[in-house]
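Trainee: Which chain is which? The protein sequence lines are A and B, in order.
Mapping the first sequence onto my numbering, position 34 (from 1) lands on 62, and the numbers just tick up by one.
Mapping the second sequence onto my numbering, position 123 (from 1) lands on 317, and the numbers just tick up by one.
Note that these hints are calculated values from the structure, not bench results.
Any given hint might turn out to be false.
To be verified - Partial list, derived from the structure: chain B residues whose beta carbon lies under 8 Å from chain A:
1. Ser235
2. Gly236
3. Ala239
4. Leu400
5. Leu402
6. Leu410
7. Gln422
8. Gly434
9. Thr439
10. Ala445
11. Val447
12. Pro450
13. Asp452
14. Gly470
15. Lys486
16. Pro508
Built from N, CA and C at the ideal position, the CB exists for glycine as well.
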Amino acid sequence: MDFLYNLLIDPLVQIFTYPIFALEVLIGGLLSGVMYSLVALGFVLIFKASGVFNFAQGAMVLFAALFFAGFIDTGLPWYIALLLTIGVMVLLAMTIERVVLRPLVNQPHIILFMATIGITYFLDGFGQTIWGSSVRVLDLGIPNNPMEFGGVLINQFDMVAAVVAGTLVAALAVFFQKTRVGRALRAVADDHQAALSVGIPLKTIWAIVWTVAGLVGLVAGIMWGAKLGVQFSLAMVALKALPVLILGGFTSIPGAIIGGLIIGAGEKLAEVFWAPAIGGGIEDWFAYMLALAFLLFRPQGLFGEKIIERV
Amino acid sequence: MLLKKITLAAVSAAIGATALISVPAVAQEGGQYVPGTVYRSGPYAPGGIPWADGYGDYFAMLNERDGGIGGVPILYEECDTAYNNDKGVECYERMKNKGPTGASVFQPLSTGITYALLDRLRSDKIPMITSGLGRADATIGSVFPWVFTLPVTYWAGADAITQYIKAEEGGSLKGKKIALVYHDSAYGKEPIKTLEALAVKEGFQLDLFPVPHPGLEQKATWLKIGRQLRPDYVVMWGWGVMNSTAMKEAAAVGFPADKFIGVWWSGSEVDTVPAGDAAKGFKAAQFVLPGKDFPVLKDVRTHVYDKNKGMGKPEEIGSVIYNRGIAAAVLSAEGIKVAQDKYGKKPLTGEEIRWGIENIDLSPERLKELGLTGMINPVKVSCNDHEGGGDVIMTQWNGTGWDTVSDWIKPDRDGYLRAMYEESAMQYAKEKGIEPRDCSKE
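With the rest of the complex left out, here is chain B (with noise of 0.2 Å):
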C-alpha cells in the first residue's frame, strides 16, 4: 500500500500534480455543475482538507440518495487554490463556464479570493456564497447582487464575541482590555472596524496585534501581551499554524486559556490537537456546531462512506470544518433547489441560481428536514439581507471534543451593524461606479 502511495506520489511530483488537483468530475451532460475551490496542499491545507471533504461528500450523498437535486445529478469538480489568490482567480475562470449551465455557484473558502473575484462575478453572472468568511458589507444585496455572506459575517462575528465577554463580565465592558491578534491579511483585518465601534460603544480597551503570515513565530507578540499588556480577553482572528502557534504561546506566558477566544477559523481540531494541553480551556464562536449525530451525517455515512466514496476519513465526520464544510453545501443546493422551484428542475444558469440563494429560507422546519437542527439556526435571506441573520455560539475545548458554552447569540444587526454594512457598501458602490438595485421593488 505504502509502495502504491510512493510511486503514485513520485509520479505525480514529477509532472508537478500538487499545484491544482481536480476530484474527476462526474460526465459533463446533463447535470448540474458545482465548482469546489477548495484547498488540499499548501500551508493551510490542514484546515481546507475537511472543509473540501464535508463540501464534497453533501454533493455525493444527494447523488447517491436522491439522484442529485430535483433529480438533477450533481457535477462536483474541485480545484485546488491552495488559499492563494492567483490561483483561486485560475481556478475560477477555469471552472467558470464548464458543466452544461456553467459554474452554479462558487465558495472560495478564502477572504483574499473573495475580493479577487467580485468584479468577475458581476460581469459573469455567477453567485457566490462565503459563509463565515469574505467582506462584511457585501450583505447588502442592493450594491453586491451576486454575493452572499449567509449566514454570518466577520463583523457579525466580532460583535457576537464581544456581547459574550460582556456577559462573562456581569454585562459590563468598561475599563476593561481586549487584544486582537489576528492574521495581517485581509481576512485578519476583517473585525478591527467592528472592534473599534464597540470599543467606543461600550468603553473598552483594544489593543491590536497582526501576526505575518504564516505566524510560525510568535513570541514577541505574546511577551507583549502576557507579560506587558495583561489584557482581559484576547481574541484571535487566525488560520493555519497560526492559531495552535498561538495557542503555545499563550500558555508559554501563562495567559489563561479560558480568556482566549477564536473566531471560527480559529477553533477546530487542527487548531488544538497540535496545541495539546496548551489548548485545554480555549474558547471559540462558531455559526456550525460540530458534533456526529446530527441526522445529515448519518446520512453522509450511509450513502457516501458505506459504499467507499468519501473523500475524507469516516472519523473526520462531525468535527469542528468538516460539519462547516457540510453546512456550506447545504447552502449551495438550497439556493439550487430553491431555483428549481420557480424555473423548473433543469440544469439552472448562474443567474438563476443567485435568485434561488437570495430567497433561501432555512427555517426549523426545513432544517429539520434536511437533518441540520441544532447544527445551524435558521436563516432567511433576502434582496437586501444576504446574510440572512445567522447566529453564532459559543464553544470550549476540553481537551478531547468541543462544549457549548452559550447559547445562539443573535449579533446586534438592527443596530450599528446595518448601518456599518451600508455605509461601507455605498462607498463601495460609488467607488466602483454601481448603481444600488431597487430591493423594494424585487
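Pulled out of the complex, with its shape left as it was, chain A reads as follows (with noise of 0.2 Å):
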C-alpha cells in the first residue's frame, strides 16, 4: 500500500507542493532534451535521406570533436581549427561514401546498418589513436553559473544550447524545403531507383547528407564536448538520442527537436519524483520506457512518415 501511495499519489502531492522546484525540474529536463536532440537530428538526416539508421552518429559526434579540440591544443586558433574539423568531416563523407556505400547501392537496409557499425567502430578506434584517450578541455567560454527568474535556477550554458539547436534547426528546415538539394535528399530518401531514374545524382547525395550529418555531429559535439570535456564518453551520447527517435519519428526534424523536449522533461520529472518510490537512478531506462509507450499508439513517432504499402 505504501508503495503504491509512494508512486501514485506522493509524486503530486510534491509537485503541487512544491511548483518552483517541479518547474525548476521541468526547465532542466527541457534543456537537457535540446542537448539529446542536437544528437537525434543526425540520425535524423541521414535516415531522411537514405533510409538507413546511422549506427556511427554518436562516434562521427565524438570523431568531430576529437578533431576540432585537438587542433585547438596544437595552438591554432579556433576559427582555424573549426575550418579544418569541417575540411575533416567533408572528406570523410566523400570517403564514406566512395569506399562504404557506393558498393552497396540498392543492397537491403539492413547490409547498410552494418555497414555503420563497422563505421563506428573504425571511427572510435581511428580518433582516438591519432589524438589520444585523454580528455581535452574545451572552454567556448560559457559560462555554467546559475541564473534565477523569478525563483527557478536555470543553467545559462543549458540556454546557449537551446539557442544553437533552434538555430541548427531552423537552418535543416530550410535546407531540405526550400533548396533544390533538400528536395533531392527527400526524392533519394524514397526510392533509391527512382531518384536514379530522374536524374538525381546518388552519389553526389550521399556524400552531401553524409558532410550535412557530420557537421550536425560536430556541432552536437562541440556543446556536449564543452559540457563534458572532449573524451570517449562522447560517443555514448547517442544513447540518449535513441528514445528521442524513437518519440519523435526518424524522419522529422521538428520530430527530433520536439521529441527531445519530451524525452528530457519526462525523464528528469520522473527522476526527481518518481524514482525514490522504486530506489533511483531511473532516467535513462524511463526514456526509453517512455519513447515505447508512444509507440503503442504512433508507430512511426510522433512525426514519423506514416507508411501505407499495397499488399
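Join the two chains, each given in its own frame, into one complex according to the hints.
Mentor: This is the structure in C-alpha cells:
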C-alpha cells in the first residue's frame, strides 16, 4: 500500500507542494532534451535521405569533437580549427560514400546498417589513435553559473545550447524544404532507383547528406564536449538520442526537437518525483519506456511518416 | 608526424587493434613476468592511462636502474581491459601462464574485474592486489589468501571521509545530512554499507543517489540534491566522465564545492580540469599524494624519460593517478622483493610471491629507501590483515593543483570496520565452502 502511495500519490503531492521546484525540474529537463536533440538530428538527416539508421552518428560526434579540440590544442585559433574540422568531416563523408556506400547501392537497408556499425568502430579507434584517449578541455567561454528568474534556477550553458539547437533546426528545415538539394535528398530517401531514373546523382547526394550529418555531429560534439570535456564518453551520447528518435520519428527534424523536449522533461520529472518510490536511478531506462509507450499509439513516432504499402 | 599517426591509426583501426593493445613484452626468458591489466581505451581511459603509465614506468625504471628486482629483470606486458569485466577475464586468461613462472601478481584496476577473478585466482594460485579498489572484506586474509586490499579499502575510505567531515563540523554529525552520489556499479555501491553503519552510529541522515553508467547526464540528481534535499555534504564515489559532470552540475545548482568530497577515484586532474572553475574548492580523499618532487619520480625521469622510454608524457609525472600507478607498482615490486628474500633471487611463482606480499612491511625507513616518504603512509601486511593499515589524507583542488587540507587519517579499523570485514568475509566463506586458514599457525 505504501509503495502504491509513494508511486501514485506522493509525486503529485510533491509537485503541487513545491511548484517552483517542479518548474525548475521541468525547465532543466527541457534544456537537457535540447542537448539530446542535437545528437538526434544527425540520425534523422541520414535516415531521411537514405533510409539508413546510421549507427555511427555517436562516433561521428566524438570524431568531430576530437579533431576540433585536437587542432585547438596544437595552438591553432578556434576558427582555423573549425574550418579544418569541417574539412575533415567533408573528407570523411566523401570517403564513406566512396568506400562503404557506393559498393552497397540497392542493397537492403540492413546491410547498410551493418556497414555503419563497422564505421562506428573504425571512427572510435581512428580518432583516439590520432588524438589519444585523454580528456581534452573545450572552453567556449560560456558560463556554467546558475541564474534565477523569479526563483527558478536556469543554467546559462543549457540556454545557449537551446539557442544553438534552435538555429540548427531552422537552418536544416530551410535546407530540406526550400533548396533543390534538399528536395533531391528527400527523393533519394523515398526510392533510390526512382531518384536515379529522374537524374538525381545518388553518389553526390549521399556525400552531401553524410557531410551535413557530420557537421551536425560537429555542432553536437562541440556543445557536449564543452559540457563534459572531449573524451570517449561523447560517443555514448547517442544512447540518449535513441529514445528521442523513437518518440519523434526517424524522418522528422521538428520531431527530433519535440521528441528531445518530451524525453528530457519526462525523464527528469520521473527521476525526481517517481524514482524515490523504486530506489532511484531510473532516468536512463525511463526515457526508453516513455518512447515505447508512445509507439503503442503512434508506431511511426510523433512526426514520422506513416507508410502505407499495397500488399 | 600527424600523417604517420593517421596511417598508423588507419591500420590499427582496420585490424581492430583497439580492443586489446599489448605493450611489447621483454623477451620471455629469464625474467619475472608482471602482467598489467590496464585500460587505455573505452569510456574510462582518461583515468586508466595515467595509472597504466605510472605502473609500467616504475618497472621500466627498476629494469634500467637496478636490472630488475634482485637482478631478475621484469618482463612487463599490458593487456587492455577497457574497464570491461569480460575483457578483464580474457586478459587474465591470456596472461596467467606467460613468462618462465607464470604471472606474478595481477592488479585489475577495476572492482568488477576483481569480483570476476576471485575464484580463478584461488585455483590458479596467483595473487591479486586491489590497491584502493575491489571488495573490502578481502582484507580478511584467512578467507581471501590470494587477494590483498592494501593500503586502503573503500570501507576504510568512507570511514576516513566521515571522520574528516565530523572534524570539520566541530566533532558531531548529529542531525546533519550527507548525500552519497555513486556510480551505479559494484564499485560505487561499496561504501554504502559503511556509510549506513556510520549514519546510525553518528546520527546523520544518509541519502543515496545512484548514477547510471557512464554518468553523462545528472541534472535530475543534482536538482534533487541542490534544490530540494540541500545536504550539508555530498560524498561522491564516481569514475570517468561522471566526476566532471557531477562537479559542473553541482556548481550549476549552486552547491558549494568545498562541501563536496570525492573518493580517490573521483579526485584527479582528469576530473577537475575538464570541470573548469566548477571544480575549484572540490575535495578528494587520497591514499597516495600527488606531487612531482618525490625521489622515486626523480629516478623515473632520469632512468626512463631521459632515455625516451617513458609510457606517457613527462608532464603527467606527479599527477594524482600517475603517482597512484607508481605506488601500486611499488606494492607489486615489494611483494616480489620480499619473496626473493625467502625463496632466492630468481623468477618466482605466484604462490611464492603471494607469501611475499603477505609479508610486506613498508616501514618509514623502507619508504625512505624507496623514495616514497610523504607520498604514501607506512603499510604492514599480515596473514589476517591484507589491507596493511594504510591511511587516507584529504586534498582540495585550487584551480591548478591539489592542496593538502588534513593530516593523514587513520580509519577506525580496530572498531566496527574489523567486525564488518569479518562478518562479510565469513559469509563469503560459507557461501563458497571455504575453510578459513588459521593465521595463528602462519
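Trainee: For each hint, tell me whether it holds in the structure or not.
Mentor: Hints versus structure:
The beta carbon of Ser235 of chain B is positioned within 8 Å of a beta carbon in chain A (closest approach about 6 Å), and the interface hint is therefore held. The restraint placing Gly236 of chain B at the interface with chain A holds, with a minimum CB-CB distance near 6 Å, inside the 8 Å limit. Taking 8 Å as the C-beta contact cut-off toward chain A, the hint placing Ala239 of chain B at the interface holds, the least distance being around 4 Å. Restraint check, Leu400 of chain B versus chain A: the minimum CB separation of about 13 Å is more than 8 Å; hint violated.
The interface hint given for Leu402 of chain B is met, as the beta carbon of that residue sits about 7 Å from the closest beta carbon of chain A, less than 8 Å. For Leu410 of chain B, the suggested interface contact is upheld, since its CB lies about 6 Å from the closest CB of chain A, less than 8 Å. At about 6 Å, the closest approach between the beta carbon of Gln422 of chain B and any beta carbon in chain A falls short of 8 Å, and the interface hint on this residue holds. Annotation: interface hint on Gly434 of chain B holds; nearest CB of chain A at approximately 7 Å, less than 8 Å.
Of the supplied interface hints, the one on Thr439 of chain B holds, with its beta-carbon coming within about 6 Å of a beta-carbon of chain A, less than 8 Å. A cut of 8 Å between beta carbons decides the hint on Ala445 of chain B: the least distance to chain A is about 6 Å, and the hint holds. For the restraint placing Val447 of chain B at the interface with chain A, the shortest Cβ-Cβ distance is roughly 6 Å, inside the 8 Å limit, so the hint holds. For Pro450 of chain B, the shortest C-beta to C-beta distance to chain A is roughly 13 Å, which exceeds 8 Å, and the interface hint is violated.
The restraint placing Asp452 of chain B at the interface with chain A is violated, with a minimum CB-CB distance near 17 Å, outside the 8 Å limit. The criterion of a C-beta within 8 Å of any C-beta in chain A is met by Gly470 of chain B, whose closest approach is roughly 7 Å, and the hint holds. Annotation: Lys486 of chain B was flagged as interfacial toward chain A, and the flag is violated, the nearest CB pair being 18 Å apart, outside 8 Å. The interface hint given for Pro508 of chain B is violated, since its Cβ lies 14 Å from the closest Cβ of chain A, which is over the 8 Å cut-off.
Hints 4, 12, 13, 15 and 16 from the list above are not met by this structure, while the remaining hints are.
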